[in-house]
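Participant: Respectively, the protein sequence lines represent chains A and B.
Residues in the first sequence are numbered from 38 upward in steps of one, following my numbering.
Residues in the second sequence are numbered from 554 upward in steps of one, following my numbering.
Honestly, the hints are just simulated from the structure, not real lab data.
Errors might be hidden in some of the hints.
[Claimed, not checked] Reference listing, derived: stretches of chain A covered by chain B, where coverage requires no fewer than 3 residues with Cβ under 8 Å from a Cβ of chain B:
#, segment
1, 79-89
2, 206-216
[As the list claims (entries may be wrong)] Example chain A residues on the side facing chain B (calculated, C-beta under 10 Å, incomplete):
#, residue
3, D74
4, E76
5, F95
6, G96
7, R99
8, E219
9, D272
10, F276
11, D279
12, V280
13, I283
14, A506
Where a beta carbon is used, it is the ideal one built from N, C-alpha and C, also for glycine.
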Amino acid sequence: MGTDPMAEIRAGFFAECEDLLQSLQDALSAMDEGAGDAETVNTAFRAVHSIKGGAAAFGLERLVGFSHRCETVLDDLRTGRLAPSREVASLFLQAADLLADHVRAAQEGGEVPAGETLLARIEALTGAQPVNAEPPIDFSPSLIALDFASEDDCSADAAEIGGRGWLIRLAPREGLYRSGNEALHLLRALTTLGRTGIRCKVPPDLALTEDAAEVPRLVWTIHLVGDVERAEIDDLFDFVEDVCDITIEPGPAELASERLPPEPPPAPVLAFPGPHHDRSGLPEPPSSAAGLRPEPAAPEPGAVTLRVDLEKIDRLVNLVGELVINQAMLSQSVGAAGLANPEVTTGLEAFMTLTRDLQDSVMSVRAQPVRPLFQRMARIVREASAATGKSVRLRTEGEGTEVDRTVIERLADPLTHMIRNAVDHGIETPEARCAAGKPSQGVITLSAFHRSGRIIIEVADDGAGIDHAKVQRVATARGLVAPDAALSEAEISNLLFLPGFSTAGSVSALSGRGVGMDVVKSAIAAIGGRISVSSLRGQGTTLSVSLPLTLAVLDGMVIGAAGQTFVVPLSGILETAALAPEAIRRVGPRGELLQIRGEVVPLVDLASHLGFRAPDGNARGGIVLLTARDDGGRIALVVDTIMEQRQVVIKGLGALLGPVPGVAAATILGDGKIALILDPADLAPAARSGPVPPTALAG
Amino acid sequence: MSLKILAVDDSRTMRDMLTLALTGAGMEVTVAEDGVAGLEVLEEGGPPDAIISDINMPRLDGFGFIEAVRRIDRFRATPILVLTTESAPELKARARGAGATGWIVKPFDPQKLVRSIRMVTG
């Protein structure tokens, strides 16, 4: 093992810090919402305390200093010198944010604002004296050389050591044995310091009975000679000074016994007259025949976690993907070779089930709850509301929803921007809110949930909603839409995502940083997601991000159109039906609607839509797939044939192709052919025809 | 015969560091992450030669843990060292009241820790 164990522990420390910051955050949020019970406060205290403890071990002085000052006030809170309140919680939440920065700075380097103002405000809560000096750190991490000179080595060259002498008197009091200390051990330790002559004074009335055994009555005098500092002796008695009477004074530099012939070297000279006194009479811990269990036996109270390199998991995901392809090819060739007897078929089916289970397990390894991401947003809300002078609270829902880890990472930036926008543009000023009869504190709800095979993340504010007239004015002024365009509210809302759109009137230091919603949209698109917006004037705006369940393998329906093979994700298909010519309604020159059970749904001929053949009502097939769109609408896809339903492995199209609307990825079928995987929600009929692109944006 | 040590601390970092320091000195280390877990280990495993315990821990803190250990007859004399961040006298007194044998101030000096353990275990 070439790795430095200290470096590993250090890395472990920072990983632990993340967990600790998390529980600190949780505890403080609970406090913020009114829970001020002892355990909540204790949890917060312990988190900061542990961070400080670890930081001290690694000599991270700034982190120690900062956490120490937070800890001091948390301790007051813990001991009741300070009562929990919203104000306290909110100050500490800010401190927790800063603490997180300190941890990061300690890990990666870089500067952190000292946070002096904040610390001063926190310390003012209890009127605690500001702590200027950081607590002393008396230990700089060094390579650990754990060789301890064994006891035998020390007394050997006694003669060479000139040194001086000490006379020590040791009289144990009650409590010595009760605290697990042992006079004999102290005497032994003394013998390691130098040459010793030890005498024990036994009281004449010493009763050697069991109930008297734990009452210390013996008194020892130790003559210690050698190059011994007083501090070394003090050190040795550090644990027992409150349970023993100890006197230490200088004595002769030569032992009495040294004038006599040979001294038995290593053993302590337990020279006392009278009956042999065995230890204290306490039961000796049974000699460890059973032994401690070799591994940590304690079950973790919460979740047991294991940190694994993401690369290893990715490799596993890829291998499972290959396995699925391989399995498909195998069943294909078994069929082609005419080997499909019941046994082989059963075996292949079992193989398929196992592959699927394996895939699910691997994907669940990659999936993580969105909780940490949501918690980071709480900080954004705090910072943004402080910067704008608004009062905003973040509510979160569905934090347990699991999303692929890489998606979570890449979601952080767009989500941050969305939240900032919501605070800055969505929520009104407290005055405006009061005037509108709303509570002065705005609420932003961040939620995550599953809907039709996708993960939806919503940022909803209870602000003023989008001013559609204003948005259209701005868009017209910027030449983004024709001046006379008749747009629905939904279409106008979608203008917000156009590049170059920014409501200049409301640019602020906060969200008007030149990053528009178009950047958010493309960041979301880069992880295969879509964003849409809905708004009710006076009641708020909801931004909804819809993400694919990032799977390496999906269940798809394999279909044919114009001789091409496509895969449509099963999760997106609501129903299939035969295309009845009498159910088709024409709209305009090219538009067609399908009437199905009293509803009208846009009809899309897949082959012509993708450009495989010219639009031709006669050439197209007779089957429609009804597929779901994110906004709840449906479209009817006309296809020629439905071939089968199977698991397919998702293969990216590569960067060279660029995004093709309606095409999500590709796959390799069992016969080795490549098929495109469609994203039906993106196959919107108006995508190429309308005067403005809002529907395409919404899709 | 190597010494068997039970280290109880809620911080993984601290447990790792204790383990590293003590195994480096040839001791066998078992860890537990709070007082309750520590008692479970004591119940299930063989008796350790010494116990090291943190003070601030969830579920059962160091004081409670030491008191509970001392109430178990066969552990009445087992040396227990307390890990504290501050060497505050009142903390020491409380630990002593609970039955602690000695204390180690965090961040600990590995050599001193080993020396202390060697001393209290004889």
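Participant: Provide an ascending list of the numbers of those earlier hints which the structure does not satisfy.
Facilitator: Those not satisfied are hints 3, 7, 13, 14.
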